[in-house]
Amino acid sequence: MTDLMPPEDLRVDIGSIERSLSEIWRVQKKEGDDEAITRAALWNVVAHTSSSIDQAQATQVLCQTAAVVPQRTIIIQANPSAPPDLTSWIGANCHIVAGNKQVCSEEIAIVAGGDRVHRVPPLMNALLIPDMPVAFWWLGDLPHENEEYVQALLDPADRLIVDSSHFDNPADLALVTKVAEQTTTAPADLNWVRLEEWRLAAASIFDPWEMRRRLQMIRRVRIIATVSQDEPLFGENVGALYFAAWLAAQSGHQVDRDGRVEGTNGPIEYQFDRRLHTRGGGIAFAEISFDDGSCATITRDREKCVLVSNVDGVERTPDAVTRSLTNKPHELIVRQLKQPESDKLLVKVLPIATRMAKRVVR
Amino acid sequence: MSVAAAPPVPETNPLREGLEQERVPDASCLVIFGASGDLAHRKLLPALYSLAHDGLLPAGQTIVGFARPDYTDEAYRAEIRKAVDEFARTRPVDEAIWNNFAKGLFYVRGDFSEPEAYNRLKQKLEECDRTRGTGGRRLYYLAVPPSFFPVISDLLGAEGMVTDPEKGGPYTRVIIEKPFGRDLASAKELNRVAVTTFRERQVFRIDHYLGKETVQNLLVLRFANGIFEPFWNRQYIDHMQFTVAESIGVEKRGGYFDTAGITRDIVQNHMLQLVSLVAMEPPVAFEADAIRDEKVKVIRALRTMPVDRQPEFVVRGQYDDGSVLGEKAAAYRKEVNVPADSRTETYVAIKAFIDNWRWADVPIYIRAGKRLPKRVTDISIHFRPAPNPLFRRVPGVRVQPNVLAIRIQPDEGISLKFDSKVPGPTVRSAPVTMEFRYATSFGAEPPEAYERLLLETMLGDSTLFARRDEVEAAWAWLDPLLASWAKGGDPALYPAGTWGPPEADLLIERDGRRWRRP
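Order-wise, the sequence lines are chains A and B. Position 131, counted from 1, in the first sequence is what numbering that gives the first Met the number 0 calls 130; the numbers after and before it change by one each time, with no gaps. Position 486, counted from 1, in the second sequence is what numbering that gives the first Met the number 0 calls 485; the numbers after and before it change by one each time, with no gaps.
None of these hints come from the bench; they were simulated from the model. This structure is a prediction, so every number in the text was calculated from the model and none was measured. Incorrect hints may have been included.
Calculated Cβ distances over 10 Å to all of chain A for the following chain B residues [unchecked claim]:
id, residue
1, Gly-132
2, Ser-440
3, Gly-488
Calculated pairs, DSSO-like style, for lysine-lysine (alpha carbon to alpha carbon, straight line, at most 27 Å) [stated by the list, open to error]:
id, chain 1, residue 1, chain 2, residue 2
4, A, Lys-337, A, Lys-327
5, A, Lys-337, A, Lys-177
6, B, Lys-373, B, Lys-416
7, B, Lys-251, A, Lys-100
8, A, Lys-100, B, Lys-123
9, A, Lys-357, A, Lys-343
Built from N, CA and C at the ideal position, the CB exists for glycine as well.
This is chain B alone, in the form it adopts within the complex (with noise of 0.2 Å):
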């Protein structure tokens, strides 16, 4: 008699084909270290609660609050209440999911630095694990200055509260906030540091730019729609423009501000992104690793900027007084903690190169500021104008290019800019644009960035979020810049509400080019 061989055991779940377009994570521990903070209280735990009540979280979610001051569990909830009241994107909140939420919610009192308080943490991560179903996945969100950074890590790595994903097991993942590093030494030192206690793999770095809908969008726009990609290149396209304006000055945050800048605020993390995701080439699958390869191979091959030649690359602003949207606004250097002979910029306007073979000489002009006009986030790529003679000697006729538009915030959409014949007797043409808007064509508002991102780290796929090597090379192509301006030099004045200094529009105007009006 012979005995048939069992059937192998399939590697995937069969039951689990179909249910993937609503991927839900595995419960887990989300440790916010700065739980008291500005972030945790306007962006994560609205966030978090905005997942919940999408149906995105899984049930036994737990997230533990550590930070300084004295909450009880209960108090902390109520704190957090206050703050999904007010910032959630899905408001009003509803009392059965908030209760259920609240439930996971759980708060442990501790100086970053003290043992004690990660052994008292880590009892209540395991009574978590036995009680709420949580496995021993942990989450830690590090919603605190990079300076706490290495003690953090050292002390969760010294009481044992970290998984080595090689050895198998549950997770342990870290999620940092930017600023990673303020330059190229002190970046490396960081991811340094990072390695010592976790995997690269374990480190998501957060740039909250890549959660942004029209962001991913961007992948989704070259590289499912054959109309573009055969034009996405210097034989076609004369220019692009990348806008991060922002009407609001520095606020609260002067202190920090002036020792960073607009440079390394915006630039060396959201505004390369933003660049690499437009300039890239096709990665060779929908991978983090695959497209995280092509985005720093774009930012590796930005042209270094000639210091000595400045004003023919780069200009750097501060706002002057002026007003702003109708209201006053004091100049930069009378702000709160900023000091009055500061030299900080907080505008600065690029003019960059991708020395690669698709975009050999093609300019790309970077520009952020504060106390711009208006709040706007905008991508332009402009084409070169048509090359017919046809309407040369006709007058109403002025052949402009196209441009594509794409907004990323606020409003978000992407519009084309053409010209068209204005109906009548005579031949006269007219731009017009065809436009596309979120909130028009998908009626929800897109989810907050947040939302996206914490949503990733619990499913573990990094796409979203800046790899070690990206940051280093934003680093490395930006650090002789900042290194000269720290030797000296004054940031050129500009009133409060303009687009900057005349300085930047110099700069484009000498390649005989305009600032696009987002």
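Chain A on its own, in the form it takes in the complex (with noise of 0.2 Å):
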């Protein structure tokens, strides 16, 4: 059983944050118990956000993550048009377990403002605990024309977490897909996470050995990505585009400069349709045709809350998309924090989707 406790923020000087972190913990255990309270950390997590709504947003899902994943929180506002300023704060996530040990995660907030903001960089990197990974959590969208100051802030983190719903153009699935190829840090995207009940109800319709042959016989594929608006955020294709880009990687397919598909018997249509929902940026329906003029269906049964596949007329329920219940964003992160390596299966999808990204931004 976990009891989350709201943080005590304290201010302090950007300069003794790490001494009053540590008075915390020394005033603590006079006061406390020897075993009372233990501070732990697995993960430095990074939160960057540009306003005061999402710096309570990453607050919020980070206190919980922590209760699962211990960990350094710093949570970052940047903001370029704001005063010149740079404060911080200190406090601390903690939690309950094991009735009566209390566990602790440190949290240091900073806020930066004007000129500032290039100040952060350095000050995120001595506030890091060493020896211990670095993941960079980016709220809303990534500033790509702005490339520099994220290369810096990303210089030390193992991984970046982004949520490419988010995005508003295709430049910044781009600078993602740069920074997977050139650097060493390893992209994560809640948006590709929430994907992976339509992956799995796909893999499952492709898991007898007669379905597998027909993986190479696609002749077209149809996705209907929800958008929340007629003229809808770029970030709102991406998971049709991530489905596509996937399907397209696994099944051999080549995809050229232009999203342009082609495989062993010659070219595939991908089609992106969108459907008005009040939620966008996930998938409404996919269709495989194959060759023989057959096709294989996925729709979400919004009454079950599940995914359900049609192939041949014959309906079916795929395993295990109970799971579409973990797709809280701080559920998200603490499944991108428990995986010790980075997703493989991204990098290989991430230039793909970005070609792709031409067919539906016209």
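Can you join these two chains into the complex? Each is in its own frame, and there are hints to help.
In structure tokens form, the structure reads like this:
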């Protein structure tokens, strides 16, 4: 049983953050039982935000995350158009384990405005716990136009966590691809993680041997993305792009620089459509058609909250779609932090999705 | 005109790549024989619910309880709901998940020796194949005393309810609970019966210790960290201690326990599994048989105990009146269903040796007991002391051996004891510990052992299950000892709430060592 306690933040001088954190633990150790409080960290998790709303969200999500994966949390709010300032707070995310033991993770908040924003990367570097991996969660849109700043922040990062459903431009996706290809930072995308149930549904269609044969007979793929407005944000298409890129990559299809797809038997049509929905950014429907005129579909049964596949008229609920329950932000981040290695499949899919993005942006 | 050859069909589904970490088995029918019993209520069904809660059970997974009492499906579900409310790790119970789980829960009434009951069971299973997509896949969990195993096994075979894996098609697996016999001869007989109906790879022998996270972590600790393996041998390790202590007595199991004793109940299975995991050589692959091949070599290398010199190697004890955790505790001979003149051991301490290159002459002290001061399972690796004479004449420094302690339960974790200078102007040393605790580092409580083991049987991975030769090798080592005890002699008495009889202290102190206080 885990009880979360809200952090009590304490404003401190930038230059004495570490000293102030040590002081908190020293005082608590003196006051409390020797066994009562344990300070723990398995990761450094840095969240980068550009607004107080995002900062509040990051604080809440990482407080929940720290209860499962102990971490030093650093939350940055950087806004170049705000007045020049640099301030910091410290706090602790504590939870009770094994009945009476309090396990605490440290949290540092940094708010930077104006030209002080450029002081953030070295400050953040100095605050990382040595020998612990660094996950960098970028909330909102990636500023591809300010690549230098992004790279400075990502320099110590082992993992870059984004949510591509918030991207406003294909260049953001291209930037993540570039990070994957040219740096040692492994990308992770919450939008890709949410897609797991769709990948699982599609995979289970091709489990039987006779269906695996049909994987090489794909003639056309149609994917309907859910979008929240007629002129959707680019990011609302990324789920569909990832699904298509994944299917192409795993089926051995070749995707050229303009996003055209070629299979062993000739061109394959990948069609991207949209359907208005209150929550955009997901997939509503996928249809895979084969050379022989047959097709397989995947759709969501909203009543049962499960995906249903239909192959040659036979409906089936794929395995373990119950995992669709775990799409809350903190759960998605926990899943990323529990993965010791980079997601090689995402690294493979990213450049293909970037090329296919040219098909959805006209 | 030439026609291009069709590309070969891939052997595995390429779309499954990257999804493997979240392994989900195909839906199957899990039949629990003894579904009204304690094990099913306290462990199996709560574990299955927790698996469902964590999204690890496939849609369509079906559980069929099979036992003598008369339940309807609804009545059985109500009964199991109470058990889940009380014992599941994932509480409070989520109504939506429970409702979905309960839809796949059925009950068939029957006597284990009644062929007609198996016919009813078969019809039920076939109905589930049609309605729930279980595809003929069968798991038979025998949560029953071993005496029922032959009849259940025979009737399953006779009713055509077991498939042959050599012929392909849906799988059939059987899960059996300890005790796997009471000596080498009976274990061999049990194994012989098993393979008349099933093939060895269809048999999953559950030792729930192997489902514990800390036990599985032994492999990771040893073989995924470069720092331990170089000194995991006789050159650096002085001795090892294995402790399985229980604060409870025999409770309602007096009748069974008195025919078994702690050596059969704990040492033959759980403790020798722990010893083999700690002492084995690196396996060639992280695969079931590669790991079990190495484990069985350790058990086979255990030096035969000279039964005529028992006090040097073995001490058996039995608890007497005393108190545990502040409560009065009656002597074993006063327990329900225990004869007043019982000679059954409730405590055993053994000094063992593994006669191989790595462990030659390194003593392994094993102790297990009931009514000890607390419940704890613990392994400690005691390193040789530092040879450095530097501090010999420094009065405040006492060089003590380093100890790596692996806590299996409760409060699972690992600690390393080493000496450190006490801050101050003089040179004084004190032992300190570096600690890793699962609960602290990983937040969530580890899953119950049965959850992991049930999932592994559904996935068909037998790594965490005892193989026939392991079981038989363990009996072969203990058989001479058990046979000599059967001839006579009394166990040494120890007051309930103490760490065993004084003879057990002598066993280790004679070698200049002491039991670690876990």
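Going through the hints against the structure:
1. Gly-132: Incorrect as stated: the minimum Cβ-Cβ distance to chain A is 7 Å, not above 10 Å.
2. Ser-440: 6 Å, violated
3. Gly-488: Label holds. Min Cβ-Cβ 42 Å, cutoff 10 Å.
4. A:Lys-337 - A:Lys-327: 15 Å, holds
5. A:Lys-337 - A:Lys-177: OK: Lys-337 (chain A) and Lys-177 (chain A) at ~24 Å, within 27 Å.
6. B:Lys-373 - B:Lys-416: 22 Å, holds
7. B:Lys-251 - A:Lys-100: 33 Å, violated
8. A:Lys-100 - B:Lys-123: 48 Å, violated
9. A:Lys-357 - A:Lys-343: Holds, because 23 Å separates the two Cα atoms, which is no more than 27 Å.
The earlier numbered hints that this structure contradicts are 1, 2, 7, 8.
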